[in-house]
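Colleague: If you want the building blocks of each chain, they are given just below.
There are 2 protein chains.
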Amino acid sequence: MSRDICVYLEFLTEGHKAQIRETARRTGFVPHFFTLDQFEEAKACLQHCKVLYAHSADLLRTAPASLRWYCCSFAGVDLYCKDPALFANPDCLLTNSNVYGVTIAEHVVMVTLMLLRRMPEYAVIMGQRSWSNQLPVRSIRDNEFTILGTGDIGRNVAERLRGMGAAKITGLSRSGRPHPAFDEVRPISDLDDVLPRTKILVMALPSTPDTIHILNRERIALLPADAYVINVGRGTALDQTALAEALNGGKLAGAALDVMDPEPLPKDDPLWDARNIILTPHVSGNMTLGYTCDENVARFCADLENYAAGRPLAGLVDRALGY
Amino acid sequence: MSRDICVYLEFLTEGHKAQIRETARRTGFVPHFFTLDQFEEAKACLQHCKVLYAHSADLLRTAPASLRWYCCSFAGVDLYCKDPALFANPDCLLTNSNVYGVTIAEHVVMVTLMLLRRMPEYAVIMGQRSWSNQLPVRSIRDNEFTILGTGDIGRNVAERLRGMGAAKITGLSRSGRPHPAFDEVRPISDLDDVLPRTKILVMALPSTPDTIHILNRERIALLPADAYVINVGRGTALDQTALAEALNGGKLAGAALDVMDPEPLPKDDPLWDARNIILTPHVSGNMTLGYTCDENVARFCADLENYAAGRPLAGLVDRALGY
Numbered sequence: 001m002s003r004d005i006c007v008y009l010e011f012l013t014e015g016h017k018a019q020i021r022e023t024a025r026r027t028g029f030v031p032h033f034f035t036l037d038q039f040e041e042a043k044a045c046l047q048h049c050k051v052l053y054a055h056s057a058d059l060l061r062t063a064p065a066s067l068r069w070y071c072c073s074f075a076g077v078d079l080y081c082k083d084p085a086l087f088a089n090p091d092c093l094l095t096n097s098n099v100y101g102v103t104i105a106e107h108v109v110m111v112t113l114m115l116l117r118r119m120p121e122y123a124v125i126m127g128q129r130s131w132s133n134q135l136p137v138r139s140i141r142d143n144e145f146t147i148l149g150t151g152d153i154g155r156n157v158a159e160r161l162r163g164m165g166a167a168k169i170t171g172l173s174r175s176g177r178p179h180p181a182f183d184e185v186r187p188i189s190d191l192d193d194v195l196p197r198t199k200i201l202v203m204a205l206p207s208t209p210d211t212i213h214i215l216n217r218e219r220i221a222l223l224p225a226d227a228y229v230i231n232v233g234r235g236t237a238l239d240q241t242a243l244a245e246a247l248n249g250g251k252l253a254g255a256a257l258d259v260m261d262p263e264p265l266p267k268d269d270p271l272w273d274a275r276n277i278i279l280t281p282h283v284s285g286n287m288t289l290g291y292t293c294d295e296n297v298a299r300f301c302a303d304l305e306n307y308a309a310g311r312p313l314a315g316l317v318d319r320a321l322g323y
Numbered sequence: 001m002s003r004d005i006c007v008y009l010e011f012l013t014e015g016h017k018a019q020i021r022e023t024a025r026r027t028g029f030v031p032h033f034f035t036l037d038q039f040e041e042a043k044a045c046l047q048h049c050k051v052l053y054a055h056s057a058d059l060l061r062t063a064p065a066s067l068r069w070y071c072c073s074f075a076g077v078d079l080y081c082k083d084p085a086l087f088a089n090p091d092c093l094l095t096n097s098n099v100y101g102v103t104i105a106e107h108v109v110m111v112t113l114m115l116l117r118r119m120p121e122y123a124v125i126m127g128q129r130s131w132s133n134q135l136p137v138r139s140i141r142d143n144e145f146t147i148l149g150t151g152d153i154g155r156n157v158a159e160r161l162r163g164m165g166a167a168k169i170t171g172l173s174r175s176g177r178p179h180p181a182f183d184e185v186r187p188i189s190d191l192d193d194v195l196p197r198t199k200i201l202v203m204a205l206p207s208t209p210d211t212i213h214i215l216n217r218e219r220i221a222l223l224p225a226d227a228y229v230i231n232v233g234r235g236t237a238l239d240q241t242a243l244a245e246a247l248n249g250g251k252l253a254g255a256a257l258d259v260m261d262p263e264p265l266p267k268d269d270p271l272w273d274a275r276n277i278i279l280t281p282h283v284s285g286n287m288t289l290g291y292t293c294d295e296n297v298a299r300f301c302a303d304l305e306n307y308a309a310g311r312p313l314a315g316l317v318d319r320a321l322g323y
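For the protein sequence lines, the chains are A and B, in the order given.
Sequential numbering of the first sequence, starting at 1, is according to this note's numbering.
Sequential numbering of the second sequence, starting at 1, is according to this note's numbering.
If we strip away everything but chain A, and leave its shape as in the complex, we get (with noise of 0.2 Å):
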């Protein structure tokens, strides 16, 4: 039986591939190293393996049905998880990488501060070669946070703001069950009570049918005026037109956007010109950070030992769920 591993990811170092050609060697698999540009070479490979590393849904669609195990070195997974046509076994394993809660909690905190700290206003006050620093500002410590989301990502950016004073910090979850990096988890029903005492709300949800839209018109009407809106987890969950006009119209005091929908963000979308935002081009999970590589790495090669030994994967994703 086939003990072979596609691996088709560009970021990994010569120390990544021989972490995972170790792990493998010891499991018994034998893993096939290609880069993105090698789309076909992966494909012919793929037909004879069990496993695939990869964020790829176009390689993932020519798998043979005798792939078992999918990782995902993506966090998000809606993709896969709504198109079931993508797998030809329906049994087929997936994993999706749960390793960017680092990196997008210190783009959390550097948004959070640069709201807070007025840093838009002050970029034009600057890019004029003026001087003038009176505007009012205001800090994590002290403050009042609300987090839609209590994964890895929300934990993360939880455990940050504690350590930087935050006066309470109130996660939201589908099932509102309590984590010790929060003061309280509430279920995500609750919502509507939460937002009108919510000074920093941050978005950090996957993309299911259930938070598409999530923050609504009514829902961002219900938020204070002096409150700030942060999202990092998927574009989808925000209506952004009701966003640019409450931030245009004094409704809300500022917002910082990582994600957007669609991306890019068109050229004539009103977001760009709205009323004290921070965008930024879907860059708070991005690759490019050591850590986050690896950390992706330790994470598929200790699920690879589950996966040799029986043991269920820590990765392991509820496509029902969609997370």
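Hints were generated in silico from the structure; no laboratory data involved.
Hints should not be assumed to be uniformly reliable.
Which copy is meant is left open, so a pair is good if it fits within one copy or across any two.
Derived DSSO-like pairs (lysine-lysine); straight-line CA-CA distance at most 30 Å [what the hints assert, rightly or not]:
id: 1; residue 1: Lys199; residue 2: Lys82
id: 2; residue 1: Lys17; residue 2: Lys168
id: 3; residue 1: Lys199; residue 2: Lys17
Using the hints provided, position chain B relative to the given structure of chain A.
Modeller: Here is chain B on its own, set in the frame of chain A:
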């Protein structure tokens, strides 16, 4: 004997005034409050006061020899240490308000992340409404920091970097005395040894004769080309011309200056156009943050209790050292 206190400050709320009145009542003092547009009234009152709580060399200069304690609401008191003629009575006590560590540390975390995550470059990309997201980012986690100055600011910075997973935090101070916020504290005379292995240099030094241009051209050249320089202490602590040249020549990765010499920075200063620089108009420790104002008043009140009880003042400045 007079038990009058002259308070000449702009930031006080009614709550702050009530707090000062109550502490004064308990300790047998009488406070008199003036805003900055009441200079003449404050000056007239000061003539029979024992205590002055303000930040004004002009007012201090008019004080009689009977003034026993000047509580400066700012942290940087170099101005008052340099010029003995400001004090009619050479034995007048001088205290400063080391309450800016929290807000300045939040500023430092913000600009550190902005530099590591390439925000000056992403601001240009997004300003053109284009969408490119492959600039390699770095993280606070697993990074090494050198902090020049281990006082209130340096410690607050170190604690926050630690909370975000910094690998190593080296402090440098005059004495080199260890402090738990740092992995190690070395005497500032070791600076030349520390700079070549510094990835992020945070400068939080008071202005004294010893710190003027402490980061001179030769020392800037000792930093690695991928290092970042952040200054929140005093603008005079670094050679701005050499810094701009190093940035433009690719000898340094970036810099964030909240303090400059002079301030405001002249419109034709080469710093404005330096590569990968973040300039802010001396806002990191500004008085618009409620927490900073509250702490300022709380420290004054605590030292008023100390003063009345004949105990040493917590904020006492050594005028020979300058802090």
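Colleague: Are any of the numbered hints broken by this structure? If so, which, sorted upward?
Modeller: 1
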